[in-house]
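Novice: Below, each chain spelled out in residue letters.
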Amino acid sequence: MSGEELIFYLFAAIAVVSALATVSRRNPVVAAVWLVVTFFAVAVCYLLLSATFLAAIQILVYAGAMMVLFVFVIMVLDVDERGREEHRRPTRIARVGYYGSLLLAGGFIAWVLLGTLARQYLNPGADLSKTPDFGTANAIGREIFTDYLFAFEAISLLLLAAVIGAVVVARNRRDREKDSLQTGMSHAARHAAGVAELPPVPGDIAPPGPTPVTDFGAPSATGHDGGT
Amino acid sequence: MVPITHFLYLAFALFLIGAAGVLLRRNVLIVLMSVELMLNAANIALVAFSRQWGNADGQVLAMFTIAVAAAEAAVGLAIVVSIFRARTGTDIDDLSLLRD
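Chains as they are written, first to last, in the working numbering: chain Z, 5 to 232; chain R, -8 to 91.
The shape of chain Z in the complex, shown without the other chains:
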């Protein structure tokens, strides 16, 4: 068994085991940290497929940005008292496995990325795979900004829409009501935005005329103290 095969089966096993841990933990924070291990192991698999740029992106976007997003939301929600004992007492095996696999994956990724960079700059003719720059940022960037330019722009638009949508959805109702009043939206527009009750129907308004006066009868000696 060659070194590459050994590394693949090791990290494939780590990925599967930590994915199982992700879906089986009660506490979402514990599940999130196991998900980080899965992402690191998957990044190592990208490296074995000589997709170095994608491995770096995987770490940056998944293990960096998305995990922080998940953990922040869990912190804001303050959910799940049930899984607390998991949080308090991770077993020794779980701790060793967690930190060990993270260190292993992180070290391997750093090693391969540094090695790739060194080989590219010191020895430009080094054959990494079928073409010399297969999977590097150079090759991927050339593809993105030529053949896939339209898709790239569409993706950027999608990300913008997602950011705006997330902000709009996550704001609470009182803020939205205040904003809609301050910007002077019409009642119908506020109803369409979901911050006002039903719009007034024109025929439904009471016709202008004398205000009806309620007759309370003669003042009673015992019913009202007169505000002395």
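Each hint should be verified, as a subset may be incorrect.
As the list claims (entries may be wrong) - Taking CB as the label site, the calculated pair distances span:
{"hint": "1", "chain 1": "Z", "residue 1": "Lys182", "chain 2": "R", "residue 2": "Gly45", "range": "31 to 37 Å"}
{"hint": "2", "chain 1": "R", "residue 1": "Leu15", "chain 2": "Z", "residue 2": "Gly188", "range": "28 to 34 Å"}
{"hint": "3", "chain 1": "Z", "residue 1": "Gly188", "chain 2": "R", "residue 2": "Gln43", "range": "30 to 36 Å"}
{"hint": "4", "chain 1": "Z", "residue 1": "Asp151", "chain 2": "R", "residue 2": "Arg76", "range": "40 to 46 Å"}
As the list claims (entries may be wrong) - Interface residues of chain R toward chain Z, partial, derived using beta-carbon atoms under 10 Å:
{"hint": "5", "residue": "Ala47"}
{"hint": "6", "residue": "Met54"}
{"hint": "7", "residue": "Leu68"}
Rather than coming from a laboratory, the hints here were simulated on the basis of the structure.
The C-beta atom is built at its ideal place from N, Cα and C for all residues, glycine as well.
Following the hints, put chain R in place on chain Z, whose structure we already have.
Specialist: Same frame as chain Z, but now just chain R:
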């Protein structure tokens, strides 16, 4: 050299685990994490085929998948926050407002 089928087996296993998480778990946060797991499995398959044919298109597509996954996570978590404000809970079985 690891044969490409083994990468596909790994992708299959991760996708299966993610699908099981989506179907079996009731915590909406873990359901979202399982969706990320399934998208990752699809990415592994894309990159494996890209390597098989020596063609970078699969890697570009995998990068787009990562961007879509990030957008999905942002909107999904915003919806989770919004739901949690409205009805205080992350149990997915409580969310039957559109059904009845």
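Novice: Using Cβ atoms only, decide whether Met54 of chain R comes closer than 10 Å to chain Z, and label the hint accordingly.
Specialist: For Met54 of chain R, the interface hint holds, since the closest Cβ of chain Z sits about 6 Å away, which is under 10 Å.
Novice: Quick one: are Asp151 of chain Z and Arg76 of chain R within 40 to 46 Å, going by C-beta?
Specialist: holds (44 Å)
Novice: Okay, Gly188 of chain Z versus Gln43 of chain R on CB: inside 30 to 36 Å?
Specialist: violated (59 Å)
Novice: Between Lys182 of chain Z and Gly45 of chain R, does the beta-carbon spacing fit 31 to 37 Å?
Specialist: 57 Å Cβ-Cβ, so the 31 to 37 Å window is violated.
Novice: Mind checking the CB of Leu68 of chain R against every CB in chain Z and telling me if the closest is under 10 Å?
Specialist: holds (5 Å)
Novice: Is the hinted range of 28 to 34 Å satisfied by the C-beta distance from Leu15 of chain R to Gly188 of chain Z?
Specialist: Violated, at about 49 Å.
Novice: Would you settle whether the hint for Ala47 of chain R is holds or violated, based on the nearest Cβ-Cβ distance to chain Z being less than 10 Å?
Specialist: Nearest chain Z Cβ about 5 Å off; hint holds.
Hint compliance for this structure: hints 1, 2 and 3 are broken, all remaining hints hold.
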